[in-house]
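Participant: So the chains spell out like this:
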Amino acid sequence: MSLTSDDVKRVAKLARLGLTQAETNETLTQLNSILGLVDQMQQTNTDGVAPLAHPLELTQTLRADQVTETNHREKYQSVAPQAEAGLYLVPRVVE
Amino acid sequence: MSQITDLTLAQLKQALDDGDLSSVEITTAFLDRIDSLNPELNAFITITHEDARKAAADADAARAKGKASAFAGLPIAHKDLFCTDGTRTTCGSKMLADFVAPYDAHVVSRCQQAGLISLGKLNMDEFAMGSSNENSFFGAVRNPWDPSRVPGGSSGGSAAAVAARMTPLATATDTGGSIRQPAALTGTSGLKPTYGRVSRFGMIAFASSLDQGGLIAHTAEDIALGLGLIAGHDPRDSTSADQAVPDYTATLSDSLKGKVIGLPTQFFDERLDPAMRQSMNDVLDVFRSLGATTVEVSLDHIAEAIPAYYVIAPAEASSNLSRFDGVRFGYRAEHPKDLTDLYERSRGEGFGSEVKRRILIGTYALSEGYYDAYYKKAQQIRRLIKQDFERALNQCDLLFGPTTPSTAFVIGEKTADPIAMYLEDIYTVATNMAGLPGGSFQAPLIDGLPSGYQLTGPAFGEGAILNAAHQIQTATDWHTLRPESL
Chain A
1 MSLTSDDVKR VAKLARLGLT QAETNETLTQ LNSILGLVDQ MQQTNTDGVA PLAHPLELTQ
61 TLRADQVTET NHREKYQSVA PQAEAGLYLV PRVVE
Chain B
1 MSQITDLTLA QLKQALDDGD LSSVEITTAF LDRIDSLNPE LNAFITITHE DARKAAADAD
61 AARAKGKASA FAGLPIAHKD LFCTDGTRTT CGSKMLADFV APYDAHVVSR CQQAGLISLG
121 KLNMDEFAMG SSNENSFFGA VRNPWDPSRV PGGSSGGSAA AVAARMTPLA TATDTGGSIR
181 QPAALTGTSG LKPTYGRVSR FGMIAFASSL DQGGLIAHTA EDIALGLGLI AGHDPRDSTS
241 ADQAVPDYTA TLSDSLKGKV IGLPTQFFDE RLDPAMRQSM NDVLDVFRSL GATTVEVSLD
301 HIAEAIPAYY VIAPAEASSN LSRFDGVRFG YRAEHPKDLT DLYERSRGEG FGSEVKRRIL
361 IGTYALSEGY YDAYYKKAQQ IRRLIKQDFE RALNQCDLLF GPTTPSTAFV IGEKTADPIA
421 MYLEDIYTVA TNMAGLPGGS FQAPLIDGLP SGYQLTGPAF GEGAILNAAH QIQTATDWHT
481 LRPESL
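Chains A and B, in that order, give the protein sequences.
Here the first sequence is numbered in our numbering, starting from 1 and rising by one per residue.
Here the second sequence is numbered in our numbering, starting from 1 and rising by one per residue.
So here's chain A without its partners, still in its complex pose (with noise of 0.2 Å):
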């Protein structure tokens, strides 16, 4: 399988991943043969294998239904870029 410039621009639209042309071009040839590379797998036969998403295989543990967490607004928006009355800014969405 081998990616053409539009499926990058698409992919790339899809991550929200500004790319100059320089870049796509340069990525497309990469991408190419990293996909190469990830096309070996298909020689391996998985037929009946589960998938293993996680390498424990845990359940998930619960805690008690209860706040632990304090209000940490202040803190965790003095890094942002731009917010303002515990609001985040950002260009106009709704004219």
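Facing chain A, according to a computed beta carbon distance under 7 Å, are these residues of chain B, among others:
no.	residue
1	GLU304
2	TYR310
3	LEU339
4	ILE361
Simulated DEER-style distance windows between Cβ atoms:
no.	chain 1	residue 1	chain 2	residue 2	range
5	A	GLY36	B	THR480	36 to 46 Å
6	B	LEU445	A	ALA64	49 to 59 Å
7	A	GLY48	B	ILE419	29 to 39 Å
8	A	LEU89	B	THR480	53 to 63 Å
9	A	GLU26	B	THR480	43 to 53 Å
10	A	LEU62	B	ALA64	41 to 51 Å
11	B	TYR371	A	GLU95	29 to 39 Å
12	B	VAL260	A	GLU74	49 to 59 Å
13	B	PRO405	A	ARG10	31 to 41 Å
14	A	LEU89	B	GLN243	39 to 49 Å
15	B	ASN394	A	GLY36	29 to 39 Å
16	A	GLY48	B	SER367	21 to 31 Å
17	A	GLU95	B	SER238	36 to 46 Å
Treat the hints as calculated values from the structure; they're not laboratory data.
The C-beta atom is built at its ideal place from N, Cα and C for all residues, glycine as well.
Chain A is fixed; fit chain B onto it per the hints.
Facilitator: Quick look at chain B alone, frame taken from chain A:
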């Protein structure tokens, strides 16, 4: 006494306990060495002189009153993906170049509670993606054994700093080999614990089902001391194992008589470099002289580990790194014309090229219509790999092999070819896929450069790995060799 910076963590602790050295003397010696070597090696991104000096004076005062904690006043440095409250955490990226975390990582808090003093934050491949430390926004790290060569990665700063005696102990992380490979290339000891042994809270995530924090030091003994501090359950990481932490130092001196070392045939086939084979045989001779026996085992699906890893790790990364959107923290592009432009340019300008490649691969693998061919297939192979390890470890106590295919390569040699770089981790990624503990320790030099051997154990078998490595280090002096120029 030899120079302060030559001492291991255990030796420094003894000197503090005996009153032969003060924490101020120790901290000053390491800070001075960092100041003199870092301009060339670039192992540290941030050096915390003032905080360290103050903490050292406090530790000495506490010791004088008999109120010091066990490790009070001993130095450590953290890989720059462990969040540190009040000191910037960059993850080697432009995206986080000015980011000051609002909290400490669990590992950082545990070290602090034990009294360890942080000397600063260590360089790394951007978001831990790389095997050479050339992918850092803050510049490549140089190998203390030969500054024209890479120290390995992604924990290249951690490994170079320990090798150059800029710190006796460093935290590090390993997703596909990022502790073991740099340890091998710099002549240091490195341990990736079992998945879940060390809390990932406050570790900036790359691939969450593979990432694990660990340590790099000069000796297995020092790692045993450090692991006792950072291992254990943390309710803030739901994947951290609720399992008691043994005293890893208590079993270091156990005899290896009767222990069985498994040699995966796939690690020793005709592709293994002859010099590396000789180095491995030298280590195996010592194992045998200590009473261990060897047995051939097979890891049938090892060849598929790299292909499957380059689906799973990028897939998880593409999801994890979606949080860097220019809104809540990190880099934001200037003058965005709308929200999409803000997302796309902040990420496009903030991430380096390897990170972008992996986000694109992961996004593609997870996109509509490709799930079965890529992600599901990779997870099926992951189970086959785990089963291989279970079968092999039923026949032996520990698995043994080279950590890397060769010694440290020259800076720039593999940057144009991502596949060549990915194959650096050919012996290490499978361990992460299976979630098992793995350590790399010093083997003989090859043409004046370090080589490393790798030990892989059963889940939560860190004690057995450290015991075996300590026994080798007691019988040999490979771990004491150091770059001539330093």
